[in-house]
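Protein chains: 2
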Amino acid sequence: MATATSREWRLAARPAGEPKLSDFEIAEVAVPEPAEGEIQVRNLWMTVDPYMRGRMNDVKSYTPPFQIGQPLTGGAIGEVTASAHPRFRAGDLVSSMAGWREGFTARPESLGVTLLPASSMPPQAFLGVLGMPGLTAYAGLLRIGNPKRGETVFVSGAAGAVGSLVAQIAKLKGCTVVASAGGSDKCTWLKSLGVDEVIDYKAVGGGQGLTEALRRAAPNGIDVYFDNVGGDHLTAAIDVANLHARMPICGMISIYNNTRPAPGPHNMAMIIGKRLKIQGLLVSDHADMQTDFISDMTDWIGLGRVRYEETVFEGVEKAPEAFLALFSGGNIGKMLVKLA
Amino acid sequence: MATATSREWRLAARPAGEPKLSDFEIAEVAVPEPAEGEIQVRNLWMTVDPYMRGRMNDVKSYTPPFQIGQPLTGGAIGEVTASAHPRFRAGDLVSSMAGWREGFTARPESLGVTLLPASSMPPQAFLGVLGMPGLTAYAGLLRIGNPKRGETVFVSGAAGAVGSLVAQIAKLKGCTVVASAGGSDKCTWLKSLGVDEVIDYKAVGGGQGLTEALRRAAPNGIDVYFDNVGGDHLTAAIDVANLHARMPICGMISIYNNTRPAPGPHNMAMIIGKRLKIQGLLVSDHADMQTDFISDMTDWIGLGRVRYEETVFEGVEKAPEAFLALFSGGNIGKMLVKLA
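The listed protein sequences correspond, in order, to chains U and S. If you read the first sequence in the working numbering, its first letter stands for residue 162, the second for the next number, and so on. If you read the second sequence in the working numbering, its first letter stands for residue 162, the second for the next number, and so on.
Pulled out of the complex, with its shape left as it was, chain U reads as follows (with noise of 0.2 angstroms):
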């Protein structure tokens, strides 16, 4: 294949609070014929995902934030259309972390290019059930939630990529399931999933009235609780959580786009008399469960024991709605912006 063009989103400011279009910008560049150890690669597929918000804001984080005038990254799946590196032949499908963009030409370390596994599941899957979001449900359930036959465990967030897998592994590992979500069409699916409870968060109120709604909804009390929301949330799972429960902490969506601190949970001291543990989540602690991950998620998906849903976008022009709609609830399952 000859030069090309790609075009790639590029951080326009840093959002004040809520990220707004014009916090984005476009532009066109060169993908030209790859020289001796590159590859050219034509993206099909990008993922948006909430931590990218973080990114935006110019803190010093777990990862460094996106530089304004430069492109945006993240994951995404690719097809390489030309090789000048011995690992790589054109037709290979690749997962990269150069989202953002229809394509590039690069040395494929400096992007994370790995060669996609062969598999029954379509590429974007990749990006969702049996990628990062995946993993993140898997081992943060498993390993930091560690739910035993019985319990109840308590998802929040839970129509979206993590949370809706959570809440099937979590019913596969024989436990109680409640889950949350905004808006009666998430609380459907989640019914048809197989939850136990469903809270429609935005019917119930925040505060106190989600509180009761969980109380309610758990009336044992719960054992686990996977965040994703923060906030009350967070307080109403302090305030249900029986002793020795266990909060795998993977996001906090209600408070990402806050312009100024928001207070934490008033119920802190409880943590002493239950033996709370809050701990913080992030898939790249946990690689060595991704073989074990991909065998069962497969075998799962198989089996008919885990579904998923997509909320796809199409085009790059339309990726930062898509970024934009995941902070508005408007997606059930993995939001994916279709590139190809």
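Just so you know, these hints were derived from the structure itself, not from any lab. Some clues are possibly wrong.
No copy is singled out in the list; a pair is fine if it fits within one copy or between any two copies.
Simulated pairs of lysine-lysine, DSSO-like, Cα-Cα distance not exceeding 30 angstroms [what the hints assert, rightly or not]: (1) 309 to 221; (2) 352 to 221; (3) 479 to 181; (4) 221 to 438; (5) 479 to 363; (6) 438 to 334; (7) 352 to 181; (8) 479 to 309; (9) 363 to 334; (10) 221 to 479.
Please build the complex by placing chain S on the supplied structure of chain U, with the hints as guidance.
Using the frame of chain U, we list chain S on its own:
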């Protein structure tokens, strides 16, 4: 010994906020000769501890609340004065939960009476360095905090019974220790124990002042935070924590007397990126470490590597004052009441 009398303290009213002397009432009761299966005990020492504040509220917690008009309970060391029980003899030293009183006659099983082990240590040590506070420090630091040589350990309430032991055990394990306490006397004492950096939290102001002081005291961050205080201290610890820091939460004395819920840390989202582990600590979960604890602590004291202080009020009539002084920072080391 014939029938005697005992003055005992009862809960007169549930404290609203800071406890007052009028929340306590003293009564005199008979301590009869023991009937079959009973023993008669004269208490020598009793302990007052911050956790007792929680039991004065009418809320379900890990121990049932004290009842109004009923005697308070807590750790005590006494001497058996008469026995009609096969396992106890007059003169035996015993530990019990029958504190807040001068003596009692009861079946030993009903009040958790156990024989004090033979020891060269003074008996009241079994209320402090060799008792519940000692095991709390030992198990909480070593099992939950899990400090490694060269790491930095931060402990708040460090001049108290638990905190001062945490600081010294952390030094023994090869850690850099940062400790906070209120007032120069306490800080001077902590320095004399070998603590590397001491923060007088009263001198640095709350909130951001504390965070900045901690950052100066621990320029490489903290790897373990042993929390006795909660509130601003926990916020500061989360701010300054390194990746994968562990935080045993033992107490939150700064908020026990709050009359309305206090907001939690505003920086809870850092739990995720830093993968913090925040875990409640209650000594009763760690009874399996008792043998190792007594062995290690006795060795360390004998070698002069752990030192301890006591703040002693004399006479049962002073017990409420001793308890109140816990909340005004009136103790260095273990707060005790000498009863006989």
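Structure-based check of all given hints:
no. : hint       : verdict
1   : 309 to 221 : between (37 angstroms within a copy, 25 angstroms between copies)
2   : 352 to 221 : neither (40 angstroms within a copy, 33 angstroms between copies)
3   : 479 to 181 : within (13 angstroms within a copy, 64 angstroms between copies)
4   : 221 to 438 : both (26 angstroms within a copy, 20 angstroms between copies)
5   : 479 to 363 : within (27 angstroms within a copy, 54 angstroms between copies)
6   : 438 to 334 : both (20 angstroms within a copy, 24 angstroms between copies)
7   : 352 to 181 : neither (33 angstroms within a copy, 53 angstroms between copies)
8   : 479 to 309 : neither (42 angstroms within a copy, 49 angstroms between copies)
9   : 363 to 334 : within (29 angstroms within a copy, 50 angstroms between copies)
10  : 221 to 479 : within (28 angstroms within a copy, 52 angstroms between copies)
In this structure, the earlier hints numbered 2, 7, 8 are contradicted, and the remaining ones agree with it.
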